[in-house]
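With the hints as your guide, set chain B onto chain A.
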Amino acid sequence: MERGTCGELLEVRNLTKHFPVKRGLFGAAAGQVQAVTDVSFAVGAGETLGLVGESGCGKTTIGRTLLRLIEPTSGEIRFAGQDLVPLSQKELLPYRKQMQIIFQDPYSSLNPRMTVEQIVAEGLLVHNIGPRPRERHGIVQGLLNRVGLPPEAAGRHPHEFSGGQRQRIGIARALAVNPRFIVCDEPVSALDVSVQAQIVNLLMDLQQDRGLSYLFIAHDLSVVAHISQRVVVMYLGHVVEAAATADLLSRPRHPYTRALLSAVPKRAPGTLSSRQVLGGEPPSPINPPPGCPFEPRCPLAVQACREKVPALEPMGAPGHVVRCPIVKDSALPAA
Amino acid sequence: MSEQTAETILDVRNLRTHFDTDAGVARAVDGISFSIARGECLALVGESGCGKSVTSLTIMRLLPLPPARIAGGEVVFKGRNLLALGEKAMCAVRGSGIAMIFQEPQTALNPVFTVGEQIAEAYTAHNPGAGAAAVRVLTVAALRRVGIPDPEQRAADYPHQLSGGMKQRVCIAMALVCGPELVIADEPTTALDVTIQAQILELLRQLQAERHLSLLLITHDLGIVAEMAERTCVMYAGKIVEHGPTADIFRRPLHPYTQGLHRARPGAAGEEKKRRLAVIPGMVPAATHFADHCRFSPRCPLCTAQCVEKEPELADYGGGHYAACWNTRAEGIEAWKEEPVASCSKSAI
Numbered sequence: 001m002e003r004g005t006c007g008e009l010l011e012v013r014n015l016t017k018h019f020p021v022k023r024g025l026f027g028a029a030a031g032q033v034q035a036v037t038d039v040s041f042a043v044g045a046g047e048t049l050g051l052v053g054e055s056g057c058g059k060t061t062i063g064r065t066l067l068r069l070i071e072p073t074s075g076e077i078r079f080a081g082q083d084l085v086p087l088s089q090k091e092l093l094p095y096r097k098q099m100q101i102i103f104q105d106p107y108s109s110l111n112p113r114m115t116v117e118q119i120v121a122e123g124l125l126v127h128n129i130g131p132r133p134r135e136r137h138g139i140v141q142g143l144l145n146r147v148g149l150p151p152e153a154a155g156r157h158p159h160e161f162s163g164g165q166r167q168r169i170g171i172a173r174a175l176a177v178n179p180r181f182i183v184c185d186e187p188v189s190a191l192d193v194s195v196q197a198q199i200v201n202l203l204m205d206l207q208q209d210r211g212l213s214y215l216f217i218a219h220d221l222s223v224v225a226h227i228s229q230r231v232v233v234m235y236l237g238h239v240v241e242a243a244a245t246a247d248l249l250s251r252p253r254h255p256y257t258r259a260l261l262s263a264v265p266k267r268a269p270g271t272l273s274s275r276q277v278l279g280g281e282p283p284s285p286i287n288p289p290p291g292c293p294f295e296p297r298c299p300l301a302v303q304a305c306r307e308k309v310p311a312l313e314p315m316g317a318p319g320h321v322v323r324c325p326i327v328k329d330s331a332l333p334a335a
Numbered sequence: 336m337s338e339q340t341a342e343t344i345l346d347v348r349n350l351r352t353h354f355d356t357d358a359g360v361a362r363a364v365d366g367i368s369f370s371i372a373r374g375e376c377l378a379l380v381g382e383s384g385c386g387k388s389v390t391s392l393t394i395m396r397l398l399p400l401p402p403a404r405i406a407g408g409e410v411v412f413k414g415r416n417l418l419a420l421g422e423k424a425m426c427a428v429r430g431s432g433i434a435m436i437f438q439e440p441q442t443a444l445n446p447v448f449t450v451g452e453q454i455a456e457a458y459t460a461h462n463p464g465a466g467a468a469a470v471r472v473l474t475v476a477a478l479r480r481v482g483i484p485d486p487e488q489r490a491a492d493y494p495h496q497l498s499g500g501m502k503q504r505v506c507i508a509m510a511l512v513c514g515p516e517l518v519i520a521d522e523p524t525t526a527l528d529v530t531i532q533a534q535i536l537e538l539l540r541q542l543q544a545e546r547h548l549s550l551l552l553i554t555h556d557l558g559i560v561a562e563m564a565e566r567t568c569v570m571y572a573g574k575i576v577e578h579g580p581t582a583d584i585f586r587r588p589l590h591p592y593t594q595g596l597h598r599a600r601p602g603a604a605g606e607e608k609k610r611r612l613a614v615i616p617g618m619v620p621a622a623t624h625f626a627d628h629c630r631f632s633p634r635c636p637l638c639t640a641q642c643v644e645k646e647p648e649l650a651d652y653g654g655g656h657y658a659a660c661w662n663t664r665a666e667g668i669e670a671w672k673e674e675p676v677a678s679c680s681k682s683a684i
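Just so you know, the sequences run in chain order A and B. Position 266 of the first sequence, counted from 1, bears residue number 266 in this note's numbering, the numbering being contiguous throughout. Heads up: take any position in the second sequence, counting from 1, add 335, and you land on this note's numbering.
Bound-form chain A, shown alone:
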């Protein structure tokens, strides 16, 4: 493992994904869903990068595009220095072994007809790890033990498990091929608070044991902030702000990030007064506004915001970038 020697394990440059919208009998393209527009970020070895935003902001599309479960429209996805976009499916296979995904819904992401052992061992078969059934069985048992499931779970089917346990099965499946990078797509949003804590702890322990890198996608800022070293905030397919976690929480710059932070229910009663309730709803990604994507809801918007998408610019601490020309460091009260 050349951990830490090559700097970033995964580097995404100018990633764009536009889905065609088809209408009518012959499926003439009637427009485009601009799900992801010009997104760049990097994940270091052993690092967790958080990706937050509301429904429809493109975060799940990004997670799936990284593994080429969705083909990107343009851009580069560099994994350990190699651009994955031009590779054929066959050439991609060795990289698939190093990149895995944990899905949001533990109910629909496990095949109900397969036993847990078959589910976890499927990746081993594909990549020809542990060619003999006995070896595979041993590997599966080790994985189940590691994610906190009893050995007898191997022979059971997914419906016999609770949500939290299913998510453990999903984690075991992702770990089976010994990946270096895992996309965690809202892995805890379907779970109860106490179970959520168990899964977050498990993911953090595994990262420590194996030096894993995570792209942690979620809409819940408090979970993302807990697990991530850096956070990227998305809105309508665009990155609007990115920063180290502590920096983002203590000095959020973009008006959307500030609204998002203020919308999170408070920890204790009687702290409501400072709430800034954001009006309106995110616009449709089919006809996004021509200027700044957040402009229709933005309390600071001026005429210039309606004309051109602002650029991401560094602001404040190193690595902190903001897509808003209006906010100035000095103009903001401390959050």
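Calculated directly from the structure, the hints in this document are not laboratory data. Cβ atoms here follow ideal geometry from the backbone N, Cα and C, with glycine treated the same way. It cannot be assumed that every hint is accurate.
[To be verified] Chain B is nowhere near these chain A residues, computed Cβ spacing over 10 angstroms in every case:
| # | residue |
| --- | --- |
| 1 | Ala28 |
| 2 | Gln89 |
| 3 | Arg180 |
| 4 | Leu278 |
| 5 | Val302 |
[To be verified] Computed footprint of chain B on chain A, listed as stretches where at least three residues anywhere in the stretch have a Cβ under 8 angstroms from a Cβ of chain B:
| # | segment |
| --- | --- |
| 6 | 197–208 |
| 7 | 215–224 |
| 8 | 254–265 |
Using the frame of chain A, we list chain B on its own:
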């Protein structure tokens, strides 16, 4: 329940709702009592399977009997026991006395009628003599009040043409159109994004103040409880394990389960980030397998011999704060902090 001077609008007394299943009797709600005063917001908080939704459906008498069975207790709404009413009398209470807002606006609305028609239906069900023009004016006014832009046009929209937040606003308009005195909101924002959730909670707060509504708020999110509710009941496995003024429950949680819920939230340990989260080991047992002694004891770090012998009753800790635990420690439980890794794997199947 002690210091409430305002009129009590709903009084649930020792309510038991059981389900007869092939796997045995599921005691989903097993002897809970609470009351709500006029204009008050009471939160019922707990995890999946704790019986909070069954409680709300029992109050509304929306559960199919059988398999559900009211094994005991009373639901007294403005002096009348709803459980003893005939179906016709109960219909008159639903909507105009007590209204309900459901978790998923997607499934709560009928996809083949316009939202205007659905609100009008709710109104005419209780006001059969109303003229069509008057109903239309009322419908548009109701949509306008819940913050739907262009209500005249939107009334002719079908649910799929609206976003999740807008659909929930429609559900709120429908719940309020007959002027109920009590609204039961069952996870009203769980399906919504956080900025939209903030809008909906703000709307509920405004409407509650404006109409002096009583609100029974059912949620799993302690953050929402902190914002909305004057008093809180914490439910676990069909029982209320702790109830009291919300501020007190946050400042001085007494039951080990409440303390565990607080600690399991990310960021609960203040600035000690990147630490392991405190966990409550294991999971909520199935409703057919609730223990006869303390139901939290298998997951409790304070469990003693007494806990597996006898079920604790709610005991008064002053200021209207009650908790059901033999080993309550007001200072909190240190054991949560240093939860060993092994506890994750204890979760039995």
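Right, here's what the structure says about each hint:
| no. | hint | in the structure |
| --- | --- | --- |
| 1 | Ala28 | 23 angstroms, holds |
| 2 | Gln89 | 35 angstroms, holds |
| 3 | Arg180 | 21 angstroms, holds |
| 4 | Leu278 | 5 angstroms, violated |
| 5 | Val302 | 21 angstroms, holds |
| 6 | 197–208 | holds (count 7) |
| 7 | 215–224 | holds (count 5) |
| 8 | 254–265 | holds (count 6) |
In this structure, only the earlier hint numbered 4 is contradicted, and the remaining ones agree with it.
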